[in-house]
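Residue numbers (full-length UniProt numbering), protein chains in the order written: chain A, 1 to 352; chain B, 1 to 382.
Mixed in with the good hints, there may be bad ones.
Claimed, not checked - No farther apart than 20 Å at their CA atoms in a straight line, the calculated lysine to aspartate or glutamate pairs in the EDC-like style are these: (1) A:145 <-> A:157; (2) A:98 <-> A:28; (3) A:347 <-> A:261; (4) A:272 <-> A:348; (5) A:347 <-> A:276; (6) A:98 <-> A:88; (7) A:160 <-> A:219; (8) A:347 <-> A:316; (9) A:264 <-> B:305; (10) B:376 <-> A:282; (11) A:292 <-> B:182; (12) A:292 <-> B:241; (13) A:146 <-> A:135; (14) A:106 <-> A:192; (15) A:264 <-> B:307; (16) A:272 <-> B:307; (17) A:272 <-> B:305; (18) A:160 <-> B:320; (19) B:170 <-> B:159; (20) A:86 <-> A:28; (21) A:98 <-> A:78; (22) A:264 <-> A:335.
These are calculated hints, taken from the structure and not from any lab test.
The lines below spell out each chain.
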Amino acid sequence: MTIIDETADIPAPRGSEDHTGPLLEVRDLHVEFHTRDGVAKAVNGVNYSVDAGETLAVLGESGSGKSVTAQAVMGILDMPPGRIPKGEILFRGQDMLKMSGEERRKIRGRRIAMIFQDALSSLNPVLSVGYQLGEMFRVHEGLSKKEAKAKAIEMMDRVKIPAAAARVNDYPHQFSGGMRQRIMIAMALALEPDLIIADEPTTALDVTVQAQVMDLLAELQREYHMGLILITHDLGVVADVADKIAVMYAGRIVERAPVHELYKRPAHPYTKGLLDSIPRLDQKGQELYAIKGLPPNLTRIPSGCAFNPRCPQAQDICRTDIPPLHGVTEQDGTELPGRASACHFWKETIHG
Amino acid sequence: MAELSKTDGQDEAMPNVSEVEVVDAHTEAEAVAAIEAPVERGEPILQVRDLVKHFPLTQGILFKKKIGAVKAVDGISFDLYQGETLGIVGESGCGKSTVAKLLMNLERATAGEIFYKGQDVTRLSGRALKAVRRNIQMVFQDPYTSLNPRMTVGDIIGEPFDIHPEVAPKGDRRRRVQELLDVVGLNPEYINRYPHQFSGGQRQRIGIARGLALNPEIIICDEPVSALDVSVQAQVINLMERLQDEFNLSYVFIAHDLSIVRHISDRVGVMYLGKMAEIGTDTQIYDHPTHPYTQALLSAVPVPDPEAREGRERIILTGDVPSPADPPSGCRFRTRCWKAQDKCAEEVPLLAVPERFQGVDSPAAHESACHFAEEKDVVHAA
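Build the full structure now, drawing on both the sequences and the hints.
Have a look at this one:
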């Protein structure tokens, strides 16, 4: 067994570092994959930041690059075929892309942890959950097997798994979907990281269990004062927990806004279309609004604005010029804090 | 043809379930004739009575000993009317997909009856069963695994014609398939392409076209949009609604997404552990739920509106669904219910209009299988 950091450089207590900016900042990140059919540009210049204790939701359809961005932050991108030609990922002011593998490994798991979507395939079926949970403590902190198991039981209690001491030697298949996701959360929280990236943490779960898991996650986040990046395609889940939202389309952020603002007044036609196309529980509508067409193929992203073939407002300029992320203002020019939209016609979209 | 009507006491308590008019067919030809007879709009086309499906649990390899049964579906009754959409919702493991398979006769029911136009499908065989199967088609959940990757789209959509050649004569098939592609909004020139050349939403359209090929009267949709992206989901839902009007179809729409079920359904049934907990029109279920499980389920649905999240009461259930191999005694929901009392452990609540709402002209007066049914609006912000 390799003990990664047996040296005494235990991370300094939170907040004592001189760095004052955001916890994590992604700057102009590009990721591409070299495939047989050409270069797939999965991420094309993404910028976002998360502060401690804040929840950023990254919203997008499959293929929008939301998971790839997270994998790049975590440093678990398959390279090759993946490549990061450009960009910076600053964690507490330090660029992680310039760090050595050794330095990154110290951050991964301990400072930034990830919760994956499918708990059944993320857990190893032939090892007991206690062993897998304990691995965090054995590898990162060099605890003995016995101590690690005691810690594993403590973590399972933390995420409210009933009879944790009795179930610590059970295997993943003996747990229900919701319980398995709790184990994933326990694993991510084990070393009390500063930032958690949750990639579709509740997509595979039933609604009643989904509510339990999201509540647990929110509670633990408050308790540990962690930053949380929540990656999802579900506009409903986002509305319940996020502070701010970044909407992604074809590898770019097309709109950024605080959660209330986004739902009230979307400033990008894609966001607007998404909001109109979901059926509501409390209203029985007529025909659903549907965004026509399909998400673009990443090897052949349309020129200009990537959304232009599907956009009801598209004009000639949309087919030629890539819209930058404009700051969004009120009609009288007052700036709306935290809002931005990558649309040439954001004024028309937001102010109708 | 003699018509017998069957009534038993139980049916009277259930306004949702109408009397079954059993068509007495002595020969196969009579049965086929009954199956091919048209049904008026608003008349029941499919009537399910006390349907049960138990999967045996066995031990041993050579001498298999039955040690129990997974009670996947344990006595459910409902009607499907011509031209309507009946939504069935429930958590995973509640038996909703088993119901779909039973309706399709892909699984043999352990007990109970499924009447299609007065014919008990579970007892049919031969030509009559084939005629029923032509009229009840299915759209599956996963558009990636439900299409054979080695067949072209034309072969996939045209395959039903091999089994039922009377629908489309041989020389006419290509044209029929192209017509179907056009109906579901795909380019008819795609007929020679393979499934991998399509996106998820397009594949689901192919699955729908295959379901439509034989001009069925009923389509059973098992989670038809849950594998699709949000922006594509709306396209497929709109397509399904359009097809329903165009071809006069009846849908059984099985899903776990309550918002989508509300959008598409005329009536909704809520299932829990193999039983129907509550059934009624969409307004009755969503705006006036009386069963605690329905209330919990509805309150857990995230609403895409941060303003609404503050005003809503959320009921968060503890624990997981019990195993259907060993369901709790009495009411199956009692282990997770906040209203549970001694009575719930002893008596199985019947699916009927609760006593306190009987004779009351209110949307709350619909069938709910709870001893302590009470109206509670959990969907709208207080």
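When you check the alpha-carbon spacing of residue 86 of chain A and residue 28 of chain A, does it fall within 20 Å? Holds: residue 86 of chain A and residue 28 of chain A sit about 7 Å apart, inside 20 Å.
Is residue 347 of chain A within 20 Å of residue 276 of chain A, Cα to Cα? 19 Å, holds
Has the given pair, residue 170 of chain B with residue 159 of chain B, been kept, meaning a C-alpha gap of at most 20 Å? Answer holds: residue 170 of chain B to residue 159 of chain B is near 12 Å, not above 20 Å.
Does the structure keep residue 292 of chain A and residue 182 of chain B at a Cα separation of 20 Å or less? 16 Å, holds
Restraint status (C-alpha distance of residue 98 of chain A to residue 88 of chain A at most 20 Å): 9 Å, holds
Is it true that the CA of residue 145 of chain A sits at most 20 Å from the CA of residue 157 of chain A? OK: residue 145 of chain A and residue 157 of chain A at ~18 Å, within 20 Å.
Are the Cα atoms of residue 347 of chain A and residue 261 of chain A separated by 20 Å or less? The given pair, whose Cα atoms are some 15 Å apart, holds under the 20 Å limit.
Is the straight-line distance between the alpha-carbon of residue 347 of chain A and that of residue 316 of chain A 20 Å or less? 17 Å, holds
Straight-line alpha-carbon gap residue 292 of chain A to residue 241 of chain B, limit 20 Å: 16 Å, holds
Between residue 272 of chain A and residue 348 of chain A, is the straight-line Cα distance small enough, at 20 Å or below? Given that 20 Å is the threshold and the Cα spacing comes to 12 Å, the pair holds.
Restraint status (C-alpha distance of residue 264 of chain A to residue 305 of chain B at most 20 Å): Between residue 264 of chain A and residue 305 of chain B the Cα gap is close to 8 Å, so the pair holds against 20 Å.
Measure nothing beyond the straight line between the CA atoms of residue 146 of chain A and residue 135 of chain A; if it is 20 Å or shorter, mark the hint as holding. 11 Å, holds
Checked against the numbered hints given earlier, this structure breaks none of them.
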